[in-house]
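Line order of the protein sequences matches chains L and V.
With the first letter of the first sequence counted as 1, position 27 gets the number 27 in this note's numbering; the numbers rise by one all the way through.
With the first letter of the second sequence counted as 1, position 273 gets the number 1273 in this note's numbering; the numbers rise by one all the way through.
This list has only true hints and no planted wrong ones.
Restraint ranges, calculated between C-beta atoms of paired labels, are given here:
no. : chain 1 : residue 1 : chain 2 : residue 2 : range
1   : V       : 1310      : L       : 305       : 27 to 35 Å
2   : L       : 142       : V       : 1115      : 52 to 60 Å
3   : L       : 183       : V       : 1168      : 36 to 44 Å
Read the hints as simulated data drawn from the structure, not as lab findings.
All C-beta atoms in this analysis are idealised placements derived from N, C-alpha and C, irrespective of residue type, glycine included.
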Amino acid sequence: MTAKDQAEVVLRLSNITKRFGSLTANDAVSFDLARGEVIALLGENGAGKTTLMNILFGQYTADEGSVEVLGRALPPGNPRAALDAGVGMVHQHFTLAGNLTVWENIVLGAQGLGGLSLRAGAVRARIRALSERFHLRVDPDAKVGKLTVGERQRVEILKALYRDARILILDEPTAVLTPQEADALFGTLREAVAAGLSLVFISHKLHEVMALADRVVVLRHGKLVAERAVTDTSREELAALMVGAEVTTPEFQMHAGGAPLLSLHAVHAPGLNGVTLDLCAGQITGLAGVSGNGQGALSDLISGLISPTSGEMTVTGQPVQTWSPRTAIGRGIARIPEDRHKTGTIADFDLTENAILETYATEFSRGGWMDWGRARAHTEALIATYDVRCPGPDTRIRLLSGGNMQKLILGRVLETGPMIILANQPVRGLDIGAVNYVHRRLDEARLGGAAVLLISEDLDEIMRLSDVIHVMSEGRLSPGFARGTKTPAELGQWMAGDGFDAVA
Amino acid sequence: MDILDILLSASFWAAAIRIASPLIFATIGELICERAGVLNLGIEGIMVAGAFAGWIAVWAGLPLWGGVAVAMLTGMALGFVHAVLSVPFGLSQHVVGVGLTLLATALTFYTYRVVLPEVSSPPKIEAFQALPIPLLSDIPILGPALFAQTPLTYAAFILVALVAWVLYRTPLGLAVRAAGESPAAVAAQGLSVTVIRMGAVMVGSGFMAVGGAFLTLSAFDSFFFEMVNGRGWICIALVVFGAWKPGKALLGAVLFAAFDAFQIRLQQTGVGQVLPYQVFLMMPYILSILALVIMSRRAEVPAALMVPFNKGER
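Bound conformation, chain V alone (with noise of 0.2 Å):
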C-alpha cells in the first residue's frame, strides 16, 4: 500500500521535520507574546520580514549566521513598534498586529526594489546545508529524520527546550506568565508590566523573523515574495494548538508539517490520479482545524491575553 510505504520512509520524515522548523522558530516567537498577554497579529510580516533581512545580508556578504542575526534584530525592531502601541499605548492589538502585518511586508517589498532595482530573478545565496550528527544519524529513519537536518533545524528543537526551561524553570519566565495571566499580580510586586510585555514581545518577534529566515537561508536559498505563504497565521493557531506549552507547540508544528509532507507525496499515488490537487493542498488545514477543535477544549487561555494593562486603573 502507498500510504504505508510514505509514512515508513525516512525522506517523508526528513521533509517534516524540514517542513515543521520554520513553524516551530515563529510558533515559539508567538507562543511567548501570548504568554506575556499580547496577541501579536503582525507575525506574518515579521516572518517576511526576517526571511527577507536575513536572505539580503547574506548576499550582502554576512556568514549565514550573521544572516540569522540580522534577521533576529529586524524581527526585534517590528516587534518594538508593536510593543510600544500595544503595550503603553495599550491600543487594540488586532488593529495593531494586521497594521504592522501590512507595513512589514510593504516594506519588505520596498526595500527589496530599493537594493535590487534592475533585477527580475532575486540572486542565490549559499544557503545552510545538511549537518548529519555521527552515529546519531546512523539510526534507520528516525537517524536520517532527525539527525541529519541543517544547523538551523537543530537550533530550532533547542529553543523549545530553552524556552520551556525559561518559562517554568525561572523568576524571569514565571513574571512573563504571570504579565499574561494577572499583570496585577505583577505590578503589585514591584515588577514593571510595560517592561516584562515589550520584552516577550520583541524577542518572541526576533523568533518570529527567525522562522522567516529559515526559509530563505536553510529550506531554500533565495527569497519569494509569496514565500511565506500563511505560515505566520498557522503559528497563531499551533499555539492555540500547543495549549500555550512549548512542547506540545513544537508536537502541532511537527503533526502539521506532516500532514503537508504527506499530501505532496499522496499527490504523486494512484489518489492523485484521482482527486484534483487543490484537495490535497486542503488537508493540512483541515486536518489542523480538526486537531485544534479537540485539543483546544481544555486548553488554558492566558487569563489577560488581549488585555492592556494600565497601572493604576481598576
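For reference, chain L alone in the conformation it holds in the complex (with noise of 0.2 Å):
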C-alpha cells in the first residue's frame, strides 16, 4: 500500500460492462484514480481500452456500471457532462477542424451557444498564458490545416487545458510523434501531473509506459486482468499479461545485401525530392520517418501509381520506360499497401475476388472467362498457409479482422514469388502475435532472396527488422544506415530533417 491510497480519489470506474452484440467489450472493469496520478491503460487491439475510455467520456453509454468522477456520478452517455465534470480528452483521430484557427477550435463549445461575442482578444490571451505554462507552443491564430500532427495534438492538449479539466485522457498519443516530440508531450505531461491533473493514458508501447505511468491497468479481451505500480514490474511482466502468455519476440539476423533488384538515382516525382536509393536482394530495408513526408509518394512511385519526373529508375537492371502499377507487378513487384481497408482489399467483395485482385486477368481466367474453381482452390491453399481465420472463402472480407485481412493480403502478396515487396505499415493495428506472423514471413521472403522496403512509423520495428534504414523528411532521404550504427535520437534527428544539409 503506497501514500497514493490516502490520495483523494478523481475518478472512479465501478462494474463496466459494455456489449456490442455477441462481443463483450467491456467485462465488470473497475478501476480509481488518485489525483496527480498517471495511470497506463495498457492492452492489445482490440483489448477494450479506447471503449472503455469512451464510456467515460459519455461517447458510449456502458450497458452495467458506473463512472464516478469527484465523487459525483456522471450521467451516462453525455460527453456534455463529462467535459463540465472535468474531464478532458484528446482522442487517437484527433477532433479538429482543419480550416478553422486553433483559437476557433479551441473555444468550440466551451462559451454555450447564446452568446453574442466570443471575445477573441481574452480568448487568446488565456490560450497564450496556457502555452507558456505548459510548454505547448502553437500560434492561436495558424489554421489547423496547416499544423504539423505534432502541433495537432498540442492543440487538442489545450483544448482539454482550456476548460480546466482535472482528468486527461490520452488514447495513444504517441502513436504519430517523432520520439523527440513524445519526449516534449512527456516533459508537458509530467507538468500538467505537477499542476494537479490525473492522467489516464492508452498505450502499447511498454517503454512509455514505464516512463510516465505510476500505475498500470492491464485489459485483456474486456476483462481487467491485472493491476500494477510500475515500480513493482517489468516490461516482460506487462508484455506477457497483455498476451496472456510468454512473448517471445523474434530475433531478426542482419544480412547482406545482393544486387540491387530496385535503384532509384536523384528520383524527382511529387512529393519526393531527389532521393536515391538501392533495395538489394536478400535484404530488408527500412524506411523511418513521421508520416507525411514523402513515403506515401515513394511508395506510389515504386507500385507505379507515379512516374518519375526526373533521375533513373533501375528496375531488376532494366532501366524504366513508361511506369505503371501493370508494368510493376510485371516486373515481380509486391505491394503490401499502407491502408488495407481502402486499397489493400474491397470491404463488399468475398475472400477469393480479393485474393485474386492483382492476377486474375492472368492466372485465373481461360479465354476471357473466369476460371472460379481454380481460383477457390487458390484461396483455400491461402488460407490454410497463412492461417487466416475466417468462415470460408465465400465471406466478405469487411468480416475479417484486422490481422487476418494482412494475412491474406500477405499471402496475396508473397505467393506470387515476388522479388520486390513493399511493405507500406504492415503491421499498423495488429496485435502482438499477427505482428510477429507477419514479421516472421517478411524475413523468409528475404531469406528467399527477395528485396524487402519496410516503410513504418515505429522506429522500433524498422530497427528490430532492417539490414538498411533510411530516414524520410519532407521528400528526401537519407543515405544508408547499417542497422546498429544509429541510435533512436540519432535517427529522430534526421526524422525531424537535420543532417540532410550536410549530406547535400
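Dock chain to chain to rebuild the complex, using the hints, since each chain is given by itself in its own frame.
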C-alpha cells in the first residue's frame, strides 16, 4: 500500500460492462484514479481500452456499471457532462476542424451557444498563457490544417486545459509523434501532473508506460487482468499480462545484400525530392520517418501509381521507360498497401475475389472467362497456409479482423514469388501475435532472395527488422545506415529534418 | 458611347440592387446550410413556395411583413423536411434536395388551384413601396441605387451583416461552421451535430423562402409560376463564388444582378439591333461561369459538406 491510497480519488470506474452484439468489449472493469496520479491503460488492439475511455467520456453508454468523477456519478452517454465535470479527452484520431484556426478550435463549445460575442482577444490571451505554462507552443491564429501532427496534438491538449480539465485521457498519444516530440509531450504531461491533473493514457508501448505511469492497468479481451505499480513490475511481465502468455519477440539476423533489384538515382516526383535508393536482394530496407514526409509518394512510385519526373529508375537491372501499376506487377513488384481497408481490399468482395485482385486476368481466367474453381482452390490454399481465421473463402472480407485481413493480403503478395516487396505499414493496428507472424513471413521472403522495403512509423520495428535504414523527411531520403550504427535519438534527428543539408 | 451611359446611370444601379435582393436572401440561406455541412438543393422549390406563401398571405389580408413572416415559416417547414431526411437519416443530399424542389413546386401549384380555383390571372396585391432614406438618397448615383429601395432590400443587406456577425463572432456561429468542417469535433465537445445542422437548414431555408417572397411582395405585386425561373440554382453557384463567405456572396449577387440589368439595357442599344436577344439573356450566366472559375480556385470548401454524420461511427 502506497501513499496514493490516501490521496483523493478523482475518478472511479465501477463494474463497467459494455457489449456490442455478442462481443463483450468491457467486462466488469473497475479502477480508481487518484489526484496527481498517472495510470497507463495497457492492452492489445481489441482489448477494450478505447471503448472503456469512450464510456468514461460519455460517447458510449455502458450496459452496466457507473462512472464517478470527484465523488459524483456522471450521467451515462453525455460528453457534455463529462467535460463539465473536468474530464478532457485527446482522441487518437484528432477531433479538429482543419479550416478553422487554433483558437476557434479550442473555444468551440466552451462558451455555450447563446453568447453574442466570442471575445476573441480574451480567448487568445488565455491560450497564450496556457501554452507558456505547459510548454505547448502553438500560434493561436494559425489554421489547424496547416499544423504538423505534433502541433495538432498540442491543440487537443490545450483544448482540454482551456476547459480546466482535472482528468486528462490520452488515447495512444505518441502513435503519430517523432521520438523527440514524444519526449516533449511527456515533459508537458509531467508538468500537468505536477499542477494537480490526473492522467489516464492508453498505450501499447511498454517503454512509455514504464517512463510515465505510476500504475498500470492491463486489459485483455475486455477484462481487467492486472493492476501493477510500475515500481513493482517489468516490461516482460507487462507484455506477458497483455498477451496472456509469455511473449517471445523473434530476433532477426542481419544479412549482407545481393545485387540491387530496384535502384533510384536522384529521382524527383511529386512529393519526392532527389531520392537515391537501392533495394538489394536478400535484404530488408527500412524506411523510417513521420508519416506524410514522402513515404506515400515513394510507395506510389515503386508501385507504379506515379512516374519519376526526373532521375533514373532501374528495376531488376533494366531502366524504366513507361511505368504503371501493371508494369510494376509485371516486373515482380508486390505490394502490401498502407491502408488495407481502402486500397488493400474491396470490403464487400469475398475472400476469393480479394485474393486474386492482382492476378485474376493472368492466372485465373481462360479465354476471357473467369476460372472460379481455380480461384477458390487457390484461396483455400492461402487460407490454410497463412492461417487466415475466417468462415471460408466466400466470406465478405469486411467481416475479418485486421490481422486476418492482413494475413490474406500477405498471402496474396508472397504467393506470387515477388522479387521486390513493398511493405507499407504492414503491421499497423495488429496485435503482437499477428505482428510477429507478418515479420517472420517478411523475414522468410528476404531469406528467399527478395528485396523488401519496409515503411513504418514505428522505429522499434524498423530497427529490429531492417538490414539498412533510411530516414525520410520532407520528400528527402537520408543515406542508408546499417542496423545498429544509429541510435533512435540520432534517427529521430534525421526524422526532424536535421542532417540532410550536410549531405546535400 | 451607350455602354458608358448605362453604367453611369442611377437607374441601372438601382435595378441591379433590386434584382440582387432576392438572390442575396436565398444565397445567404444556402450559405448557412452549406456552412453547417448540408447542400440544400431544395432552394429552387423553397423559393417558389416562399413567393407563393408570402403573396397569398397578403392577398388574404395579412400586412406585408406578415407575408414575409409566413414565407419564412413556410421555408422553415420545408427546410425541416430536408433536415430530417438529410441529417438524422443521413440520406443523399442531392436526392433529398432535388426531391424537395419537385415537392415544393408541385405543392405550390396544388395549393394555388385549391385557393384560387376559378381565377385565370392571379390577383394583385399592394406591394412594398420604395422608402427613400432622407439625405442618403440624395447622394448622386449611389443614393438612388442604394437608399431609395424597398424596405425588404434594406433587410437583405442588414441580413448579410447579421449573418456574418453570427457566423464569425458568436459561439453559435462557430459551432455551425465547425459542424460543416468537422462534425466529430463538435460532437466531442458534447454539442449535438444533429440539432445544429437541422437548425441551420431550417433557418437557411427560411431565408430562401423570403428571397422568393421578395419577387411577389417587393419586385412585383403578383405571383406567376415561372417567376423564380432558376434563381435558386444561381444562388447555389453564388455561394461557391462567394467562397462560403457572406460578404463575398453579397458581392457576387450584386455582380450577377448588374450583368442582368446591363443586358436588358444593352438590348435597347445599337448592339441589340444586330444580335438576337437570346445572346443577351445568356450573358449574365456566361459571365457568372467565368467569374466562378476564377473565384472558386482558392475557395475553401467546408470539409464536411455533403458528408452525413453518424455518431459513434468511425
